[in-house]
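All chains should be modelled from the sequences, with the hints used to inform the complete structure.
These protein sequence lines map, in sequence, to chains A and B. The opening residue of the first sequence carries number 550 in our numbering; numbering runs sequentially from there. The opening residue of the second sequence carries number 774 in our numbering; numbering runs sequentially from there.
A couple of the hints might just be wrong.
Here are the computed lysine to aspartate or glutamate pairs in the EDC-like style, where the Cα-Cα straight-line distance is at most 16 Å [what the hints assert, rightly or not]:
1. B:K849 x B:E885
2. B:K806 x B:D850
3. A:K593 x A:D611
4. A:K783 x B:E973
5. A:K790 x A:E774
6. A:K782 x B:D850
7. A:K783 x A:E762
8. B:K842 x B:E876
9. A:K782 x B:E885
So the derived label-pair ranges between C-beta atoms look like this [as the list claims (entries may be wrong)]:
10. B:T871 x A:R602: 28 to 36 Å
11. A:P777 x B:R959: 28 to 36 Å
12. A:P777 x B:V995: 51 to 59 Å
13. A:D620 x B:K877: 56 to 64 Å
14. A:P777 x B:H958: 30 to 38 Å
15. B:K877 x A:L650: 49 to 57 Å
16. B:K877 x A:P778: 52 to 60 Å
17. A:A779 x B:D866: 48 to 56 Å
18. A:P778 x B:L972: 18 to 26 Å
19. B:K877 x A:G712: 37 to 45 Å
20. B:G786 x A:E647: 44 to 52 Å
No wet-lab data here; the hints were simulated from the structure. No residue lacks a Cβ here, since even glycine has one placed at the ideal position from N, Cα and C.
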Amino acid sequence: MATDTENVSDRDASFQLRGGSFTLMVLKLVDPASETFFARLGDKVRQAPNFFRNAPLVLDLDGLPGNELIDFADLKLRLREHGLITIGVQGGIHRHQEAALRAGLPPVPAAGRSSKLDTVAAPAAPRPASPAAAPRAADSASRPAMVINEPVRSGRQIYAPGGDLVVTAMVSAGAELLADGHIHVYGALRGRALAGLAGDTSARIFCLSLEAEMVSISGLYRVNEDIPPAIFKKPAQIYLKDGYLNLDPF
Amino acid sequence: MGQIIVMTSGKGGVGKTTSSAAFATGFALRGHKTVVIDFDVGLRNLDLIMGCERRVVFDFINIINGEAKLHQALIKDKRVDNLYILPTSQTRDKDALTKEGVEKVMEELRKEFEFIICDSPAGIERGALMALYFADQAIIVTNPEVSSVRDSDRILGMLAARSRRAELGLEPVVEHLLLTRYDPHRVERGEMLNVDDVLEILAVPLLGVIPESKEVLRASNVGLPIILDNESNAGQAYADAVGRFLGEDIEHRFIKPQKRGLLARLFGRT
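So, in structure tokens, the structure goes:
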């Protein structure tokens, strides 16, 4: 592979830096100064204590009135008393974002570029009625693969949450396939394919003709330029091994 | 019931209006009662290409707004029987195209015409969406270059997802590819994509290849649909494409460079 020499030197490094995407609980702040704020939150937490214990949390600032001053350091401490660990903020106006940053809460970029992603990811958030291990159970149960039988054209984005994505036609440049599991393309793959989106390092990508703009597994990616000429336009599988992204011909 | 055909591309300047005029005239010449509608509200051009710009009284938007009757706005072509033009407004914008308004006009036209050709504006916004929404068939106009091909791919995606047929779960819109401004000499020199390259990327059946021709510009400027120029390669290629659309088996021409004789070189007719 073209980057073999680089890979060897990377292997000796004491760390690896890479991207990852996560599903996080978001707390939308409307009126945190309200007297009932923490009382209500406490009720919610008591319904599913295991779920909320040490749960990472992102604060959504979009609903905050602009004139209010928020003490984020205090807010963070009080949320911690309820078991929640605040790790960042989302949205809101500049003034609030700066105040949050001073309290050690950086802005967290919203997942994906489209609202589609957000809505699909939403059901993974807490379900207070069925406490504790409910989300885990959903992960281990096998989900049917999402199957797309028509060409995926430029500009379209398809996400298979929690499972595999199978496309029985071509995927055009400018299209994007996302799956928490494997991605199969029984045609030319010319767009982007991101498998193992939720962090599954065993996810793979399979295609009949590898011409992708980008392939990624669990955050490790290669762009079109990095695809070795020997495998370009050939049937291929892409997988992670020892923390490195491998592109193999069939 | 008439068939609604959208002439669309995503990209501008590829020949949608020229092709709309040519197909409408071609259908009418073969005896099919046809109307061609300009969806490019605010950038009205179809009437110029059809040579009827001096006879426009009411337009498509007047009909949508109920300010005129359909028959007051339809312009009958003077050269070809069975051919009507529905021009658009130059003073309004695409927001004037309401779904309910367009649907009402389409339903009325369907009862009377065999073919209703919707000349789409460029882009993927309201005008283009309304032009393709009611389509039964789509002719994707593409030039042999990468940006045009990608935009066509995008429009094909929208036909499959956002047309009325897609939303109601009916039979999908029938897709046809029309490759225009094709220059076999430049293709041979590797300066343009060839037919196979484009077909591989778009995977849509080929309706026709229209060769690049100086005659097209000349015909546009005098308001003559190019299909009426039997002498020109482009006119003949459009006539073939219309025949294929109607189910005839016609071999593709003008794909390979033609040997030009001495006289042709001297007079430069292409």
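Q: Please write out, lowest number first, the hints stated earlier that are contradicted by the structure.
A: Of the numbered hints given earlier, those the structure breaks are 3, 5, 6, 9, 10, listed in rising order.
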